[in-house]
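**Student:** Sequence:
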Amino acid sequence: MPEDRLPLSFYSAYDTRTLAQKLLGCELVHESEDGVTSGIIVETEAYLQDDPACHAAFNRRTARTEPMFGVAGTVYVYLIYGMYQCFNVVSNAQGVGEAVLVRALQPTTGMGLMELRRQLRPGKIPTLSTANIAMKELCRGPGKLVRAMGIERETHNGTLLSEGNLYIRAASFTPSDIIAGPRIGINVGGEFPYRYYIKDNIFVSKG
DNA sequence: CGTACGATTCCC
DNA sequence: GGAATCGTACGG
27 MPEDRLPLSF YSAYDTRTLA QKLLGCELVH ESEDGVTSGI IVETEAYLQD DPACHAAFNR
87 RTARTEPMFG VAGTVYVYLI YGMYQCFNVV SNAQGVGEAV LVRALQPTTG MGLMELRRQL
147 RPGKIPTLST ANIAMKELCR GPGKLVRAMG IERETHNGTL LSEGNLYIRA ASFTPSDIIA
207 GPRIGINVGG EFPYRYYIKD NIFVSKG
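Count the first sequence with the working numbering and you get residues 27 to 233, in order.
Please note: incorrect hints may appear among the correct ones.
[Unchecked claim] Quick list of simulated restraints, FRET-style, between CB atoms:
id, residue 1, residue 2, range
1, 138, 84, 18 to 26 Å
2, 107, 181, 16 to 24 Å
3, 198, 61, 16 to 24 Å
4, 41, 138, 36 to 44 Å
5, 158, 109, 19 to 27 Å
6, 44, 138, 29 to 37 Å
7, 41, 61, 34 to 42 Å
8, 107, 184, 18 to 26 Å
Honestly, the hints are just simulated from the structure, not real lab data. Don't be surprised by glycine CBs; every beta carbon is placed ideally from N, CA and C.
With the hints as constraints, model all of the structure from the sequences given.
**Tutor:** Next up, the structure:
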């Protein structure tokens, strides 16, 4: 199978909300030392520069948000609730500060490795009750998919999807129906329907 | 320097 | 329903 990695030009070819929809059906890939994991992106959210829910809203440049002001196709990974991380694709022109949050994947490669990574949660000893994670739960949520894919802020934050071992493949199909609705877990900006997901796809998070 | 909190997940 | 857990943001 050809790598078919999306070029950097793909990420700047659309406005952020359009990109969030164009990413649906594309495949996120991580070629790690432990093995390859990948999954079809089935759920995303857009975060815009005039959007109160966006970390970089209103040109707020800090050490954390700096990657969001990089070129489209930059990776933005941040720590949330002290124990989980979220993976974003930086969008729009350099200096704008917008991104697309990836919220769920349909696993395609390395499900065994995904399950192992999910079991190895910090402070958690795997038990029989956690020994088997359903395939549809492996990447069902932004924190879950980051852990299953082995994505880490230390190594991937600020990298480019056009180079390195974390990248996105072009979609091999066009999603038939895309649903838009309110974003999940935010306290402001709830009036904007910037969450997008593939209709009837069982790997989409419940929110 | 102190502290409140978050684009979440899991357990009671 | 509530805890876990810590870097970040912001005020003093």
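**Student:** Each hint should be assessed against the structure and marked as holding or not.
**Tutor:** Okay, the hints, checked on the actual structure:
{"no.": "1", "hint": "138 to 84: 18 to 26 Å", "result": "violated (44 Å)"}
{"no.": "2", "hint": "107 to 181: 16 to 24 Å", "result": "holds (20 Å)"}
{"no.": "3", "hint": "198 to 61: 16 to 24 Å", "result": "holds (22 Å)"}
{"no.": "4", "hint": "41 to 138: 36 to 44 Å", "result": "holds (38 Å)"}
{"no.": "5", "hint": "158 to 109: 19 to 27 Å", "result": "holds (22 Å)"}
{"no.": "6", "hint": "44 to 138: 29 to 37 Å", "result": "holds (35 Å)"}
{"no.": "7", "hint": "41 to 61: 34 to 42 Å", "result": "holds (36 Å)"}
{"no.": "8", "hint": "107 to 184: 18 to 26 Å", "result": "holds (21 Å)"}
The structure shown violates just one earlier hint, number 1.
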